[in-house]
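Peer 1: Join the two chains into one complex using the hints; note that each chain is given alone, in its own frame.
Heads up: the sequence lines are chains A and B, in that order.
With my numbering applied, the first sequence closes on residue 260, and no number is skipped along the way.
With my numbering applied, the second sequence closes on residue 246, and no number is skipped along the way.
Any given hint could turn out to be false.
In silico SDA-like pairs for lysine to any residue, Cα to Cα no more than 25 Å straight-line [claimed, not checked]:
1. A:Lys44 with A:Arg251
2. B:Lys145 with A:Trp20
3. B:Lys145 with A:Phe27
4. A:Lys28 with A:Trp40
Here are the computed distance ranges between Cβ atoms for each label pair [what the hints assert, rightly or not]:
5. B:Gly44 with A:Leu232: 52 to 58 Å
6. B:Gly221 with A:Phe38: 52 to 58 Å
7. A:Ser181 with B:Asn2: 39 to 45 Å
Please keep in mind that the hints were generated in silico from the structure rather than gathered at the bench.
Cβ coordinates follow ideal geometry from the N, Cα and C atoms, glycine included.
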Amino acid sequence: MATLALTAPPPRLDARGLIWTLVRTDFKVRYHRTWLGFLWALLKPISLLLVLLTVFSSVFPGAPNFRLNLVLSLFLWDFFAESTKSGVISLHQKGYLITKTRLPRWIVVVTSISNPLITLGVYSVLAILCVAGRPPSLGGVLLFGVYLVHLCAIVIGISLAASVLFLRWRDVNQIWEVITSAGFFITPIVFPIGVLPERYHFLLYCWPPTPIIMFSRAALIDGAPATLRAHLCLAAMAFGILGAGILLYRRHAPRIAEHL
Amino acid sequence: MNAIEAEGVTKAFEIPHASRRTVRGALLGYFRPLPRERLQVLDGVSLEVRQGEALGIMGRNGCGKSTLLKILSGIYAADAGAVRVRTHVTPVLELGVGWNPELDAVDNILLLGTVMGLSLAEARAAVDRVLDFAELSRFANLELKHYSSGMASRLAYAVAFLSVRETLILDEIFAVGDAGFRARCEEHFRKLRAAGHTVVLVSHTADYVERFCDRALLIEGGKVAREGGGAEVARAYLELTRPAAP
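Chain B with its partners taken away, still in its complex shape (with noise of 0.2 Å):
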């Protein structure tokens, strides 16, 4: 079965070349309209996840990646087109997204833990293996503020991590702490796989499309310009985005 499905989907934003967004420059737009600028984000995309299956996504900055993933999460509706999603699913678009400086680490486990679907009661219940995993358990009772930016996105890491349900949609949050931390990321990635998650991932990294993923798309021009196994795809990214000789 598949987990996702999209068919023609489009995505365009409507970008005005000086902003109104006054109820005064509303009026005043009937009678004096502004032009505007159609960026055609998406344009046609289809794509099939298998439930288990992990969907790598490659393509140049700008190019309709991060827009994709939204729709597909339910953050943004398309124009047009169909999309399908069967199972539950966690976006993990930033990492850290919705921290309080001024609250603890615990607080922020459990503020950010509901926000990403977790009752209160399994989040008060996944404080001690977060703090464990990111290996801040001395610093619990610590305003974030006062974490170092490492910190933080270890913290983000686990809570995220803990937060999966049966799909998990990643943009771009591999790249965290130091090489130790990242080794148990992926090992804990791995488990996420082999426990039957399915994934779509988001990456410029070459090397974990090939490593991670059984599928990836390249995305250009806001259409599907290739479609393959994970190690083909990123060559082809490599190949786009390889400089021109002078």
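Here chain A stands alone, though its shape is the one from the complex (with noise of 0.2 Å):
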């Protein structure tokens, strides 16, 4: 017989309370018994900024807001780096639930995020506070969250792609995490992205990180927002990540249980 057909009724399922639980657990579990708790996944960046700032505050004594510029871009790219780490193995994490039980799996991948975006949220409202001798507009921080927005898309995006793919080939993890430590120093973090030649800046854009950084920062700190078009090219670039994510993730999904 060459039909293949599963119609079974959706499960019914609370998904909001089920990813409240998943979200509450994992953070549980995280800082459960640890001298600092939640403060450890503060200190990561922080101290890897303290570094930063004392090394390169003097490589580039004269860019303009060169230390807020700095703690936005750190914070932002944090959460990229991390995220999408927790997202490339979430599947494989959490292996013992999804071969076992009809848990939609698409929830697991969103969830593993939520650790890395309980830390941007505090870090926005620190950033947004570290501009406040000079007060960002609302309708810059209003765009800031739009590019929050963009950016959990673009993180999703990776997520779903990167942890199917991990099941079938499990170095898909150290692949991500060399193209994330070399994109740290291609993104315009540590070094004012006017230092490189025009031409390079396109490439430049085409990593998702440095839109939604540079954007920030012009939104915050400048105050002079990017253009419409160029929003336009962020808004396909994140929800195109978003789309191609989903689709493949969807490809890979009804074999998800056998990979693991």
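Peer 2: Here it is as structure tokens:
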């Protein structure tokens, strides 16, 4: 028989309750009985920030708003790197659930970014307070919120695709780590983008964290938001990555349990 | 009405002779493909489970029972054939799946309850009943890593039975706890049956299939080798697994 069909009523599911429980569980387990608890998550990028501030402030002494730019960029980068790292291995880590229950698997991938998202939330408030000396406009803060939504779309798209690929090829996480390590240095975090010839800027903007970071700086710190065309390009990139991630995930989803 | 129908369900796993689960291995595989073993686990299995009926499935280890349950539960996809499930299914394929040993019983009840399909409000409302059924109210705030295996199993049983929707799919999970707890579980199982729940039960224990199932299937070599009443199939299973005379 060549037909293949599985028709079942969708699981009667309280998705919000399930997401809340998974997020709460991950948070509790991660910081359970650690000396500093949630502060550990904040300390890692702060320590990196202090080192980079000390070293690169003297390398680029004339760069305008160098410190503020570094604070904002580093926190956005930390979210991108940490959440995609968790997302890649998320299905594998929750394999004990996926092979035994009818849990919707996409929820596992999406909730894997919860801890970095909580950290980003705390840092976003700190970043906005940091620029409070020159208060950002309400429009700037709202635009920043829009960029965070785009960043989440990018992260979820990458995580959905990479999590199913990781089940087939177990070195995908290492490849992704190499990409993010190199990506840190091609994203204009520690250097002003102006130090590179303008003909290379387009290439830098093709790496998703670059437009997010540059547009956030422009909205919150410089008070000069990017153009409408630039925003449309960012939206196309973010939701293109999300769409591609969903397509790849859906293609591999029926065999997820078999690859675990 | 049938709660579950399966028609000609086929499932095979391709097992390579050596593992190449890396990007490099996949690229190499284009040029030097590895020989693969094809393991035909299910070969044209058809079954029907009427609403409110209990169907037992028996068979030797490796005959495809668990794979069939996973296909009926929507966890695996069949290679060919058709599966129609018309009711909400609660698969209990392993007790305590998803437990987190670092969390206490209350947190684990909320976690497992929502994973098995309860709403958060239902799971919260059920905490006391679960602890009571498992006789673990005194240890509600104790982390699970400090529980004995018997205590953890009792808790898992209580959550599993509480989360049952219309159809319950059970994979060999009856041998839990002491005689008193087993008797209470069996009593609860009877109540579920009396309430009209449909059950698919995999077991190696002939006694359970005889007592709890209206009908049963014997699977052998990925095919349905026998179908009949619970007692009849249980006898056939015992016959099949009886050691050959020296």
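Peer 1: Hint by hint, say whether it matches the structure.
Peer 2: Evaluated hints:
At most 25 Å may separate the alpha-carbon atoms for a hinted pair to count; Lys44 of chain A and Arg251 of chain A exceed this at roughly 36 Å. Distance hint between Lys145 of chain B and Trp20 of chain A is fulfilled; the C-alpha atoms sit about 23 Å from each other, no more than 25 Å. Between Lys145 of chain B and Phe27 of chain A, the direct Cα distance comes to roughly 18 Å. Compliance with the 25 Å bound is thereby established for this hinted pair. The suggested pairing of Lys28 of chain A with Trp40 of chain A holds, with an alpha-carbon distance near 13 Å, which does not exceed 25 Å.
Roughly 54 Å separates the CB atoms of Gly44 of chain B and Leu232 of chain A, a value that falls within the hinted 52 to 58 Å. Checked against the hint of 52 to 58 Å, the C-beta distance between Gly221 of chain B and Phe38 of chain A comes to roughly 55 Å, which is consistent with it. Between Ser181 of chain A and Asn2 of chain B the beta carbons are some 56 Å apart, a value that contradicts the proposed interval 39 to 45 Å.
The structure does not agree with the numbered hints 1 and 7 stated previously, though it agrees with the rest.
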